[in-house]
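Q: Sequence:
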Amino acid sequence: MTDRAASADFLTAFATGWPEREPHLMVLSLTTQKGVQDFAMTREQALLIAKTIKRTAAQLAPAPAGTAGPEIKRA
1 MTDRAASADF LTAFATGWPE REPHLMVLSL TTQKGVQDFA MTREQALLIA
51 KTIKRTAAQL APAPAGTAGP EIKRA
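What the sequence shown shows, in my numbering, is residues 1 to 75, in sequence order.
Hints should not be assumed to be uniformly reliable.
Stated by the list, open to error - What follows is a list of derived Cβ distance ranges for each label pair:
1. E44 to P64: 16 to 26 angstroms
2. S7 to T56: 12 to 22 angstroms
3. V36 to A57: 40 to 50 angstroms
4. T56 to V27: 29 to 39 angstroms
5. L11 to A65: 17 to 27 angstroms
6. R21 to P64: 23 to 33 angstroms
7. A58 to F14: 30 to 40 angstroms
8. G66 to G17: 27 to 37 angstroms
9. A65 to H24: 22 to 32 angstroms
10. Q59 to L30: 19 to 29 angstroms
11. Q45 to S7: 34 to 44 angstroms
12. R21 to A63: 34 to 44 angstroms
13. A61 to L28: 24 to 34 angstroms
14. W18 to I53: 10 to 20 angstroms
Please keep in mind that the hints were generated in silico from the structure rather than gathered at the bench. Remember, predicted model here, so these are calculated numbers, not experimental data. Yeah, the Cβ is synthetic: ideal placement off N, Cα and C, and Gly gets one too.
Using the sequences and the hints, build the whole thing.
A: Okay, here's the thing in structure tokens:
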């Protein structure tokens, strides 16, 4: 099994939006040094993802000095 912590790409930018013709979907665009990946999701999925990320982020330890990833650009 791949060590996900060692093989994960750092997020360098992100954006959210929705297709003009499908306003019931949210698109999450995540950018790394390897490129951009777009993910479409329903409102319920988006809310669950947001809740999970918030809960997980609250449990993270502070990064050791000098080891933080690249700064994220906000769209």
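Q: Look at each hint and say if it fits the structure.
A: Checked hints:
no., hint, verdict
1, E44 to P64: 16 to 26 angstroms, "violated (37 angstroms)"
2, S7 to T56: 12 to 22 angstroms, "holds (18 angstroms)"
3, V36 to A57: 40 to 50 angstroms, "violated (22 angstroms)"
4, T56 to V27: 29 to 39 angstroms, "violated (22 angstroms)"
5, L11 to A65: 17 to 27 angstroms, "holds (21 angstroms)"
6, R21 to P64: 23 to 33 angstroms, "violated (46 angstroms)"
7, A58 to F14: 30 to 40 angstroms, "violated (19 angstroms)"
8, G66 to G17: 27 to 37 angstroms, "holds (35 angstroms)"
9, A65 to H24: 22 to 32 angstroms, "violated (44 angstroms)"
10, Q59 to L30: 19 to 29 angstroms, "holds (21 angstroms)"
11, Q45 to S7: 34 to 44 angstroms, "violated (25 angstroms)"
12, R21 to A63: 34 to 44 angstroms, "holds (41 angstroms)"
13, A61 to L28: 24 to 34 angstroms, "holds (26 angstroms)"
14, W18 to I53: 10 to 20 angstroms, "holds (19 angstroms)"
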